[in-house]
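Listed here are the chains, written in short residue letters.
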Amino acid sequence: MTTTYAVLSEGLQKRYGDVHALRGLDLAVPEGSVCGVLGPNGAGKTTAVRVLTTLVKPDAGSALVAGHDVVRDPAGVRKRIAVTGQYASVDGDLTGAENLRLFARLLRAPRARADELLEQFGLAAAAGRPARTYSGGIRRRLDLAASLLVPPRVLFLDEPTTGLDPHSRNGIWDAVRGLASRGTTVLLTTQYLEEADQLADDIVLIDEGRAAQRGTPAELKALVGSYAEVVVAEPSALEAAAAVLDRLTGSAPVLDAERRTVGAVTTDSTLTLPRIVREVDAAGVLVVDASLRPPTLDEVFLRLTDRKELVA
Amino acid sequence: MSTALVPEQGTRPVSTALVHDGTAVLGRHLLRIRHAPAITVMTQTMPIVFLLFFGYVFGSALAMPGAEYRSHLVPGLLVATAAGGLMTGMFQAAQDSHRGVMDRFRTMPVSRSAVPLGQALADLVAGAVGTVPLVLVGLAMGWRIEGTAPEALAAFGLLLLFRFATTWVGILLGLASKSEEAAGQLGSATFMLPLLSNAYIPTDNMPGWLRAVAEWNPISAVTTAVRLLFGNAPVPADAAWPVAHPVAGALLWSLGLIALFAPLAVRRYTRG
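In order, the protein sequences belong to chains A and B. The numbering of the first sequence is the numbering used here, which starts it at 1 and goes up by one. The numbering of the second sequence is the numbering used here, which starts it at 1 and goes up by one.
Among these hints, one or two may not hold up.
[Unchecked claim] Pair by pair, the computed Cβ-Cβ distance ranges are:
{"hint": "1", "chain 1": "A", "residue 1": "A124", "chain 2": "B", "residue 2": "A128", "range": "33 to 41 Å"}
{"hint": "2", "chain 1": "B", "residue 1": "Q185", "chain 2": "A", "residue 2": "E116", "range": "39 to 47 Å"}
{"hint": "3", "chain 1": "A", "residue 1": "S62", "chain 2": "B", "residue 2": "Q185", "range": "37 to 45 Å"}
[Said to hold, decoys possible] Just so you have them, the derived chain A footprint on chain B, three or more residues with Cβ under 8 Å:
{"hint": "4", "segment": "24-38"}
{"hint": "5", "segment": "106-112"}
[What the hints assert, rightly or not] Here are some chain B residues the structure puts well away from chain A; computed CB gaps all over 10 Å:
{"hint": "6", "residue": "F54"}
{"hint": "7", "residue": "R70"}
{"hint": "8", "residue": "G100"}
{"hint": "9", "residue": "V101"}
{"hint": "10", "residue": "E146"}
{"hint": "11", "residue": "G147"}
{"hint": "12", "residue": "E181"}
{"hint": "13", "residue": "G184"}
{"hint": "14", "residue": "A189"}
{"hint": "15", "residue": "L195"}
{"hint": "16", "residue": "Y200"}
{"hint": "17", "residue": "L251"}
{"hint": "18", "residue": "G272"}
Just so you know, the hints here were simulated from the structure itself, not pulled from any lab data. Yeah, the Cβ is synthetic: ideal placement off N, Cα and C, and Gly gets one too.
If we strip away everything but chain A, and leave its shape as in the complex, we get (with noise of 0.2 Å):
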């Protein structure tokens, strides 16, 4: 079987002055399938979605985006897409039904669509206000709304939740999942680590304008490896257990005796938490407590890309 890409882009550059915001960004994202364009602010997220979405134009590299190239046929591109900016992208001036029936107008779809959309979305209270009253999450969601008046074939979500409460996150977090559940390619950027892990298929993890690493959630998290913890009843047996995690991780072993605890990375997937404490128990150790715990998508990026913290 063939894969066909929704994306597909080669070489992608874009300078701005003397930021260099693309510096080659190679990315291919399955067609129904939804990618996690992961980076800290300035690795060039924003740039690659202008750049996709037809809205600049790459100084060198090309694009598909849904079987159309974003250069030589950029009316091809725009029929098949829809874009939610990372600042909501309606007229704050116009009202939430006034917004949806003029996207409708231009998109020739029909205006029950838009009132449609304002139901499913729970905007219908707030229809009648104009949108620059609106809160933070009511206004990203009629940005969603918006650009499922016509169902794109991709949909690109220019970090959607960035500066959303929990509850409003987890709202078009399940808007997103629905939308993939129904075939829709979503190409996503964020800089929340979580956000990727929850929705993504696969993640690109970009950094200084090009693709730093890419994979599945899992994949990624294998390549960091995972953290056994070992906590025992007394700080004199610290040595005795590092020396055993030592010898099952094959890395060097941290410890930390106030809270009695010693841990190692460790990339092996046939490590199980019961061999772990048996072997550490047949030492003569007194444990305490133990865990096996896969890496969390931020200590993969600081691991992939040496920072020693994101600047979110």
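Fit chain B to the known structure of chain A by using the hints.
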């Protein structure tokens, strides 16, 4: 993937798409003006304030009798108001560019000319409606239409054409602006333009170089044409060509500005 054999959904003649999309964008701007009329009301009330201020304060100090000056001033202010399209066009285009809504239009299959055209047309409607209070106040102050009805209609037609022209200039400047604030400052500065013309004060006694600048200001040609068509004042003697041939001058200025700035504005909108 789509194949080339299936007719593209939504393919239609360019002109039909422009009319459809342009009308939708026009509707959007009219709704917006209705919901947030502040700038529109402000740009239409200022001329009335100016009319009262110039007419009664400055007019009392001028050699020309007050009543005569006031009827001289009304056409000037009508043209200055029409030139206000420069400011409203700039404000609105800058606001749309910097608040994201224009980016949404750009990513939609919308006719490229429709977005600026719809804005220019809405501004024309607002300008036409906004002229009414100024005309009424002018009439109350003693200004009269002294020419024929067709000439008066031609005068109003010229005012609208000039409005349309200045709005296109404003749209281009607004789209090119770095920020809303920058557009606001530049837009406010355009209040000065009628001062450098014969709209408020005759150019005869200005120093030579200043007189040349003022008479080549498009506002002067349009003002002279409108005064002529309303039967308020004859064409002044030995003025620069656009003022000496005011109707042709006004038409050429307006059509020339549209021919130059409408394509530039559309191109600027398309490039993003």
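Hint by hint, here is what the structure shows:
1. Checked against the hint of 33 to 41 Å, the pair A124 (chain A) and A128 (chain B) passes, with Cβ atoms roughly 36 Å apart.
2. Separated by about 44 Å at the C-beta atoms, Q185 (chain B) and E116 (chain A) satisfy the suggested range of 39 to 47 Å.
3. Between S62 (chain A) and Q185 (chain B), the C-beta spacing of about 41 Å keeps the proposed range 37 to 45 Å intact.
4. Only residues whose C-beta sits within less than 8 Å of a C-beta in chain A count toward coverage, and the segment 24-38 of chain B has 8 of them, enough to reach three; the restraint holds.
5. Only residues whose C-beta sits within less than 8 Å of a C-beta in chain A count toward coverage, and the segment 106-112 of chain B has 5 of them, enough to reach three; the restraint holds.
6. Every beta carbon of chain A lies more than 10 Å from that of F54 (chain B), the smallest distance being close to 33 Å; the non-interface claim holds.
7. Once the 10 Å rule is applied to beta carbons, R70 (chain B) is consistent with being away from chain A; the minimum gap is 37 Å.
8. The beta carbon of G100 (chain B) sits about 4 Å from the closest Cβ of chain A, which is not more than 10 Å, so the claim that it is off the interface is violated.
9. Interface exclusion of V101 (chain B) from chain A breaks down, the closest Cβ pair being 5 Å apart, not more than 10 Å.
10. The claim that E146 (chain B) lies off the interface holds: its Cβ sits roughly 41 Å from the closest Cβ of chain A, which is beyond the 10 Å cut-off.
11. Here G147 (chain B) stays apart from chain A, with its beta-carbon at least about 40 Å from theirs, past the 10 Å limit.
12. In this structure E181 (chain B) is separated from chain A by more than 10 Å, as the shortest Cβ-Cβ distance comes to about 17 Å.
13. Non-interface status of G184 (chain B) relative to chain A is upheld: no Cβ of that chain comes within 10 Å, the nearest being about 16 Å off.
14. Under the 10 Å C-beta cut-off, the non-interface status given to A189 (chain B) relative to chain A holds; the minimum distance is some 25 Å.
15. The beta carbon of L195 (chain B) is kept farther than 10 Å from every beta carbon of chain A, the shortest such distance being approximately 32 Å.
16. The claim that Y200 (chain B) is not at the interface with chain A holds, since no C-beta of that chain comes within 10 Å of its own (minimum 33 Å).
17. Its beta-carbon lying about 34 Å from the closest one in chain A, L251 (chain B) satisfies the requirement of being farther than 10 Å from that chain.
18. Under the 10 Å C-beta cut-off, the non-interface status given to G272 (chain B) relative to chain A is violated; the minimum distance is some 5 Å.
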